[in-house]
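Chemist: Protein sequence lines correspond, in order, to chains A and B. Reminder that position 455 of the first sequence reads as 455 in the working numbering, one-by-one numbering, no gaps. Reminder that position 417 of the second sequence reads as 1417 in the working numbering, one-by-one numbering, no gaps.
Each hint should be verified, as a subset may be incorrect.
Unchecked claim - Calculated cross-link-like contacts (lysine-lysine; reagent style BS3-like; alpha-carbon spacing at most 27 Å):
no., chain 1, residue 1, chain 2, residue 2
1, B, K1116, A, K433
2, A, K157, A, K33
3, A, K433, B, K1172
4, B, K1109, B, K1381
5, A, K157, A, K146
6, B, K1172, B, K1116
It is worth saying that the hints were derived from the structure and are not from the lab. None of these values were measured; they are calculated from a predicted model.
These are the residues of each chain, in order.
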Amino acid sequence: MAIDFVAIAPEIALTVTALLVLAADLALRGDAKQLVNPIAGLGTLVAIGFTIFLWGEERVTFGTMFVVNEYAVVFKLVFLGSLLAILGISWRFFAEGRYFQGEYYFLLLTAFIGMLIMPSARDLLLLFVALETVSIPAFVMAGMRKRDLYSSEGALKFFLIGVLSVALMLFGMSMIYGFTGTTDLVGIAAAIEGETASVPLLLGSVMLVIVGFGFKISAVPFHFWAPDTYAGAPMPVAAMLAVASKAAGFAGLISIAFIAFEPVAEVWAPVLGVLAILTMTVGNLIALQQRDLIRLLAYSSIAQAGYMLIPFGLARSGAGAAAVNDAAVQAVLFYLAAYAVMNIGAFGVAIAVNRRTGLRSIADYAGLGSRNPLMAMALTTFLLSLGGAPLTVGLWAKFAILQAITVDVTGFGLTMAGFLVINSVIAFFYYLKVIRGMWMGEPAEDVPALQPGFNLSAVIVVLMVGTLVLGVLPGLISDYTSLTSVMASG
Amino acid sequence: MDPNTAGWALVVALFLPLVGAGALALMPASMDREIRRAAVVITAIAFALVSVIALSFDYGRSGELQFTTDASWITAINARFTLGMDGISLPLFWLTYLLPLLCAIYTTKHLPAPGKPKAFLGLMLLLQTGMAGTFVAFDLPLFFIFFELTLVPMFFLIGMWGGPRREYASIKFFLYTFFGSVFMLVAFLAIYFTSGAETWNIQQLSEMAPFGSATFQTWAFLGVFLGFAIKVPMWPFHTWLPDAHTEAPTIGSVLLAGVLLKMGTYGFIRIGLPILPDGALRFAPVIGVLAVIGIIYGSLCCLAQTDVKRLIAFSSVGHMGFVMLGIAAMNEAGIQAALFGNIAHGVITGMLFFLAGSLHERYHTREIAVIGGGMLTKIPKYAVMFAFVAIASLGLPGLAGFWGEFGAMWAAISPGLGLADTYGGLYLALVILAALGTVLTAAYFLWLMQRINLGNPLERWADEPLEDIQAIEWVAWTPLVVLVLALGVYPRLVFGVQNDAVVNLMGYLGG
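For reference, chain B alone in the conformation it holds in the complex:
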């Protein structure tokens, strides 16, 4: 496949899940098992296609857009259907096809009440198209559509298959994120009219930047910031996340943590920074401060949680704080670290939510005190797996979680674009606090391990025949475990792919 001409491949890959959702809808609801298998087949074909795309991607020119499509879409507003992929998009795009495949495999055996695999998997596939499109859309209205497209399926996934407080959580998720994105839309429109170039193309706008007055840059960035910061989510806009995660079904949580949150950070890097560099520069210290508050606050909340899944949800707030700290550094190393942290968090936390879901299936509770320890003797393989991923998540060198966190702190010591001169002290303080956050992160994960893995099983579980890792779980989880190791040992897998694209991006920023 020639990356210069094979734009069709990206279009096919993007809409394959959507077509698949339509195909599932046509199957009679009574064919329960066949529907689940069909979903595996659809996601597998899509994943295979994206893997072929990834293999034929020209890594020598990863700073340029490849597999491009550019067609007229809405002439009245000059919106175009522009797709493409560079080194920043590729890893996220690939992850967006891996995780749904694993989710579909997992769903062949596990599906929460009220069942209905047709609706469940159909919504998951619709969600997949929305997420994937976000990472390859290069026209602002198109980006916005894909970005927003994820709301409706996720609302139904949480609302129909979620936990006891699902109705509250689903509506909160929808309204909160919708609120942010409308402000983002206003900012997009302001960008369009201020640039005066009659184009929504992200690359062209990046090349033209900076344009507009200082006031425009500040306000437009504020709009973009609200939209993306809620999605990430940054403290203090995070309150929807623990509720959504806690109530969502396992698959919903995996995709939420694995891909959906990344759309926020990706948006900052793809749109916020290059198109509005002056605004971004003005906001960078604010982002840094909020990011570090998020790190500390997320860790402290984790220490206070009694529910395993809620704990993992709060740990996301902390980890995404590190990603945002990398962005706030406004230098090449920071962006690299942020993007790496994105991928690492997607893999690790996605895996953690799989584990939390399986924990619930076995114990029918996620309360740490009720589980009460002894998993290493009761279900040893599962316990070891949990320990491995938790340790990866706390950022042990050699595993995937390390590079993003370390890189972000390293980058923030010497922030770019003149931030070091004016805010050098502030950034140093932020790094010190963030380092403290890593200690807290280690603390709550190790404490969690101590409480559920070590010790003797409680009496109530003594006679329960708890199953260790099932075959289907091995299939769904092994790729993620391999990735955690591979990214940890050989981070160039991601850093190398991104490098040229990040250099390009810094060019737009004037760094």
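Just chain A, with the same shape it has in the complex:
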């Protein structure tokens, strides 16, 4: 079996970079150790180059396990772009803290290798391997502030719940293999379609697999780990968990749901739709009560996962389903890309404010507008975008989801749209609370001056400009996402 090395070039590039980083960390001493960050950045750029080269091509390798098409390329670019941004916000944070830098960057890159595989995987086993490649480094990274009890607690919670859900998923996968006799996603779809009567146990296994991904995207009720883990983990790791790792979960869920389980969409779509409603509502309501910005962002990202689950609730099977399903997948893809830009940006500001000052509660942000207008403006932009205000990319993300709903209007779709609207308003309440504090609040006495540093400021400015430019010209993303289709031949 010949392997198409071009198809896996981005993954190879990241793997080589990860090993280089580990070796460089051994060779470098003292302050020079922070140079592993630019090495990782260069490797990422190379991977981005390979990925862009793959645009427009359709490659299948490792049998039919690994597929590179436009859908996968867009996803990979979202991951690699997030990786670049996360490297940018990590540099000073890890160089100045007492961290093992080489190990961190190695683990980070490894997790991203798993993410790159995710949208290309067309086999249950490969999906499982990819998911574990994302999760296991993340468990370690979450506990990297090892002198901090909260970090250990968060990491342990993350690990236990993660392992449990993975076990359930594996159980589900094994039963699906038992029923269908294949681990190939397309083969599973054909086998399920072949069943004349519905098999309750098969549907049960479908649910078990979905639960595994529900944990990864922190959908309610599998979200309990997220706030504690985000708050305890080093902030760049929290950004990674909230954005990239969540996007990886969505990539896997899309493959599982829209390829393998498409014939039984009638069964899982309502379940995921209800999960969407629960997730956004619970996330937003709890976010209202938060006093710590990272925890607020954690609950807000749970709510955002709820919005992104809406398109799954729209899925159909059978004839005429393609239009709805394609629109649904494109909406999720667009939302993820937008979400990566604005949410990493928000975490970036949190890191900038926290750097050398230790500030993290929302009360500490009072008067930020007069202390550091740039950071205040950036956080304002990101929060408005997360809410979906005009001239930010967040509006178009919501637009994409509403658009998917109206492709073929159903009562359930409209119900979800109603919840989306109400939740957007609730979400704005707490976003505006932070914004109001920054611009209209009085800064507390003797707050230390912010020292975001050049690197971090540059990353934040780029993300802010990106949020605004994409807000005016969303076509820069949607022209590509609208071409995508999960199915290899689509």
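Since chain A is already given, all that's left is putting chain B on it; use the hints.
Modeler: What follows is chain B alone, placed relative to chain A:
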């Protein structure tokens, strides 16, 4: 300038304030005075350009779009960048450039705490682009963007420069209006997919209308209705307005009353009616009833207010009720009256909020009882000015306020599109109640005049050196006073411009 080819002029006029806001942002904050002057220059250039556009507008073809631009924008969803202007857009668009100019002039001398003219004027200019774009955008997503763009600057204007309860008022304003507009967005998407024409163009959709089932028309109109009714605001969606107005700085109130509310009624006329005629027809009686409730309720609330600015805010609810009554009549006269009422209310109430702001600057209170009368002896010119505008607002014939209110009632006696057959009695009752509302309007304004203008000044003000109208106020206010008179004496200024466009619109409605 040739109105057929000079689409660029409209684009320049539209984005000039935005560019100006960027230019202001680059000026160092220490150049306080220069920043304020720069804002005057920017708004003056924009106003001059729009006046040139208005002069070269071909009034013989005011039913057609002129100064059009049509460019591809977001290909994935077929959204286009379509601008244009017809007789309905022109007066509102022009007003959107006049008021910010006057506001900028006013701000050279008056700026509430905490100062920061750079941020204040920058936000005002951003707001201006949002408002202006709403009136010339002819593609639904573009319209939506401009419509929503006004939220953020207004939120900051109220929240940073507002009164004591500014934080509550600003968040309420934002959340309330945002809530409505998301439903509107859902309706827009439904329109797009139901029409099946792969276009968002407002004119093309109007020409295709009516499309879709009766259920679709009802639900889509409900979505559009929520978005616009909250903006207008119609009773019972008005509760954000008194808070926002009371807390907003003077400039914020002027622009809110002068232009922002008009975006709601304009939306009904430009989008709700022609694209969803069946839904609109079904909702017309509901709109009429809510409008008249708004008229009566607004007037009664005015009678109960103790704060001058809050009183004016509630009077907006009543006046916008008349505008909506005109729309509910669903005939040519009604639409004409509604659009005229829009302009008249913008000019008059904008002016009233200027006056209320200046009142506060002088007395440091807006409580009627604390002011306690005698303005005619204390500051006579100001008092006469207040009386003049208040009388215009209560709808005295010969001044601007009259034509909109009278026209709306006149139109509603014989509503169009078959409404007269089924709901003739209801509309007659509505007109009678609305007429009663005009009496109440007169009552609260005259009572207000009696309480603050007449009588002798209270002892506490006896030794206060209160200043009469300042030079800068004369400059900012004279154009509005002239407009109040001109529109009252010669209403064809607006009616004539709009006529062909309204006839076109009624064509879409099948009337």
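Chemist: Evaluate each hint against the coordinates.
Modeler: Hint by hint, here is what the structure shows:
1. K1116/B x K433/A: holds, 22 Å
2. K157/A x K33/A: Outside the cut-off at roughly 31 Å; violated.
3. K433/A x K1172/B: holds, 12 Å
4. K1109/B x K1381/B: With a Cα-Cα distance of about 19 Å, the restraint between K1109/B and K1381/B holds, given a limit of 27 Å.
5. K157/A x K146/A: holds, 14 Å
6. K1172/B x K1116/B: Given that 27 Å is the threshold and the Cα spacing comes to 24 Å, the pair holds.
In the structure shown, a violation is registered for the earlier hint numbered 2 alone.
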